[in-house]
Amino acid sequence: MKGLVGLEVHGAGNLPARDPFLLVANHDSHLDTLVLLSLFPLGRLGRIRPVAAADYWLSSPLKRFAASACLNVLPVVRGARAGDDPLAPLSAALARGESLILFPEGTRGEPEVLERFKTGAARLALAHPEVPLVPVYLAGSGRSLPRGTALFVPLVVRVAIGEPLALSGTPREATARLEEAVRALGREVVPEAAGEAR
Amino acid sequence: MTPLPAPLLVPVALVAGILVVATAAWGLLKLLRPQADFTELGLRIRSWWVMATVFLAVVLVSQTGALVLWAVVCFWALREFFSLVPGRWEDRSALLLAYLAIPVQFLWIGTGWYGMFIIFIPVYLFLMVPFALILTGEPKGFTASASRIHWGLMTFVFGLSHAAFLLELPERPGFAAGPRGLLLYLVLLGQLNDVLQYVTGKTLGRHRITPVISPKKTWEGFLGGVLLTTPLAVLLRFLTPLSPLQAAGAGLLISVFGFVGDVVVSAVKRDVGVKDSSSAIPGHGGVLDRIDSLCYAAPLFFHYVRYLCY
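Protein sequences, first through last, are from chains A and B. In terms of this note's numbering, the first sequence opens at residue 1 and continues consecutively. In terms of this note's numbering, the second sequence opens at residue 1 and continues consecutively.
Just chain A, same shape as in the assembly:
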């Protein structure tokens, strides 16, 4: 991963040494999951599960194979009907001691643009205050392999890992707090994105 893509990791010491944890990152590229998984030792990968949209990842046999066999994905239903709790399988995974990687933008969206966060990640964190919540910002993956193309161009991906975050208040407030934490990390690693370029 490092040889081809070029990883630049800031704050690696903030990565939780034990499972379970919740890792929340912005999402621009299929590379994001691979980059985040590559930060952990191989032996732990069985217990670290990227949470991904069931409607996309289970839509074809090839994607289903990649999701379940290679990435150990935990599928979640987007736009669940009222009455169903889409977070229940995630809570169960945490209870089993599995860590989760969440992309609360809900989609890769426009590359290198931080979309508004959905509230699921914050809800999950509020329900499990004992599980460390780590905000992460990824920059450059959207240039390297954006949505809608298979043309991979090696470029340096910068990863900023923040200190564990404690959330409180309503899901809406907690979501805003989480989004701001990820945004702040972004300003740290990509000053030009925050309009501070000299």
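To be clear, the hints were calculated from the coordinates, so they are not data collected in a lab. Backbone N, C-alpha and C fix where the C-beta goes; we use that ideal spot for every residue, glycine too. Hints may contain errors.
[As the list claims (entries may be wrong)] List time: in silico EDC-like cross-link candidates among lysine to aspartate or glutamate, alpha-carbon distance up to 20 Å:
{"#": "1", "chain 1": "B", "residue 1": "K202", "chain 2": "B", "residue 2": "E40"}
{"#": "2", "chain 1": "B", "residue 1": "K275", "chain 2": "A", "residue 2": "E188"}
{"#": "3", "chain 1": "B", "residue 1": "K269", "chain 2": "A", "residue 2": "E98"}
{"#": "4", "chain 1": "B", "residue 1": "K216", "chain 2": "B", "residue 2": "D276"}
{"#": "5", "chain 1": "B", "residue 1": "K269", "chain 2": "A", "residue 2": "E8"}
{"#": "6", "chain 1": "B", "residue 1": "K275", "chain 2": "A", "residue 2": "E8"}
{"#": "7", "chain 1": "A", "residue 1": "K118", "chain 2": "A", "residue 2": "D84"}
{"#": "8", "chain 1": "A", "residue 1": "K118", "chain 2": "A", "residue 2": "D55"}
{"#": "9", "chain 1": "B", "residue 1": "K202", "chain 2": "B", "residue 2": "D37"}
{"#": "10", "chain 1": "B", "residue 1": "K30", "chain 2": "B", "residue 2": "E40"}
{"#": "11", "chain 1": "B", "residue 1": "K275", "chain 2": "B", "residue 2": "E40"}
{"#": "12", "chain 1": "B", "residue 1": "K202", "chain 2": "B", "residue 2": "E138"}
[What the hints assert, rightly or not] Taking CB as the label site, the calculated pair distances span:
{"#": "13", "chain 1": "A", "residue 1": "P129", "chain 2": "B", "residue 2": "V195", "range": "49 to 59 Å"}
{"#": "14", "chain 1": "A", "residue 1": "R96", "chain 2": "B", "residue 2": "M128", "range": "29 to 39 Å"}
{"#": "15", "chain 1": "A", "residue 1": "A150", "chain 2": "B", "residue 2": "S147", "range": "39 to 49 Å"}
{"#": "16", "chain 1": "B", "residue 1": "Q35", "chain 2": "A", "residue 2": "A184", "range": "30 to 40 Å"}
{"#": "17", "chain 1": "B", "residue 1": "A267", "chain 2": "A", "residue 2": "G97", "range": "51 to 61 Å"}
{"#": "18", "chain 1": "B", "residue 1": "M128", "chain 2": "A", "residue 2": "P41", "range": "35 to 45 Å"}
We have chain A; now place chain B onto it with these hints.
Positioned in the frame of chain A, the structure of chain B alone reads:
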């Protein structure tokens, strides 16, 4: 594997000696001033150990290995440059083309095809990068993208790869060190010049030489590097087929234009507003921070030697 000619052992011993002294000095500093922080210096010296060991081992043991290593260095440098400067979404296929030029350029080097090596990027890639860019159908920003990509290719692939072509120069009767000597001579003097400029600048530096682009560089540091590197170039001339006077000229070329390369890469970093080009090499910064001087010194030294001796 051919037996190692005696002259090649001198640079190895010299590098090992310098690193041992530097490591000992660092240990002593830590003991004498326990309150000061020498972590950065320690990281820097450790990275030097790794880079010097890998480079010397590969260059001395295998010519193919040395070409592959140098191709990887070019790739890292170009990737760091492309990641640093702004780019358009439409540039992506042209960037891929630029990366693919690296193995091809090293194929020409590996087969010793000088004519192709010397025109491949300046002629063929120069024409094909804009071609790849127009295929996207987006003219807005075309000129800037074409310029940026070609400048990156010329500086970090074409320029740097000249160091590798030194290995393909023919053996000469009476020149014991052989082509590997030339490569070690260039890289050793280039890197020593960086260190000597830094050390003299840090201790004696008063007058800024490029106040806006690189405020820490001083006339004292620049001249210190030139005045120390040039005699070293004469002393180490047994690694080259050069006469003493010609070796002095090579020393001047490497130190003066090493400095220029350093400032040119600083201008890129200043342009986009960063201090280090990345954090790829602990204690040093990015790959570009380490090879910037060679981007200028390598092609100039290569053509100097080729004109005079081959």
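Hint by hint, here is what the structure shows:
Between K202/B and E40/B the alpha-carbon distance is near 15 Å, which keeps this suggested pair within the 20 Å criterion. For the hint linking K275/B to E188/A, the alpha-carbon distance of about 14 Å falls within 20 Å, and the restraint holds. With a CA separation close to 42 Å, the supplied pair K269/B and E98/A exceeds the 20 Å bound. With a CA separation close to 13 Å, the supplied pair K216/B and D276/B stays within the 20 Å bound.
Between K269/B and E8/A the alpha-carbon distance is near 17 Å, which keeps this suggested pair within the 20 Å criterion. Only pairs whose Cα atoms come within 20 Å are accepted, and K275/B paired with E8/A is accepted, the gap being roughly 15 Å. Taking the CA atoms of K118/A and D84/A, the gap is about 17 Å. The hint holds against a cut of 20 Å. Between the alpha carbons of K118/A and D55/A the distance comes to roughly 17 Å, so the proposed pair stays at or under 20 Å and holds.
Distance restraint check for K202/B and D37/B: the Cα-Cα separation of roughly 17 Å lies within the 20 Å cut-off, and the hinted pair is therefore satisfied. Distance check on the hinted pair: K30/B and E40/B sit about 12 Å apart at the alpha-carbon level, within 20 Å; holds. Straight-line distance between C-alpha atoms of K275/B and E40/B comes to about 15 Å, which keeps the hinted pair within the 20 Å bound. Taken as a hint, the K202/B and E138/B pair is broken in the structure, with Cα atoms around 48 Å apart against an allowance of 20 Å.
Against the hinted window of 49 to 59 Å, the Cβ-Cβ separation of P129/A and V195/B comes to about 52 Å, which satisfies the hint. In this structure the hint that R96/A and M128/B lie 29 to 39 Å apart at CB is violated, the actual value being about 54 Å. A hinted range of 39 to 49 Å is violated for the C-beta pair A150/A and S147/B, which are about 28 Å apart. The hinted window of 30 to 40 Å between Q35/B and A184/A holds, with their beta carbons roughly 33 Å apart.
Range check, A267/B to G97/A: about 52 Å between beta-carbon atoms, so the 51 to 61 Å window is met. Here the CB-CB span from M128/B to P41/A is close to 43 Å, well matched to the stated 35 to 45 Å.
The structure is inconsistent with the numbered hints 3, 12, 14, 15, although it conforms to all the rest.
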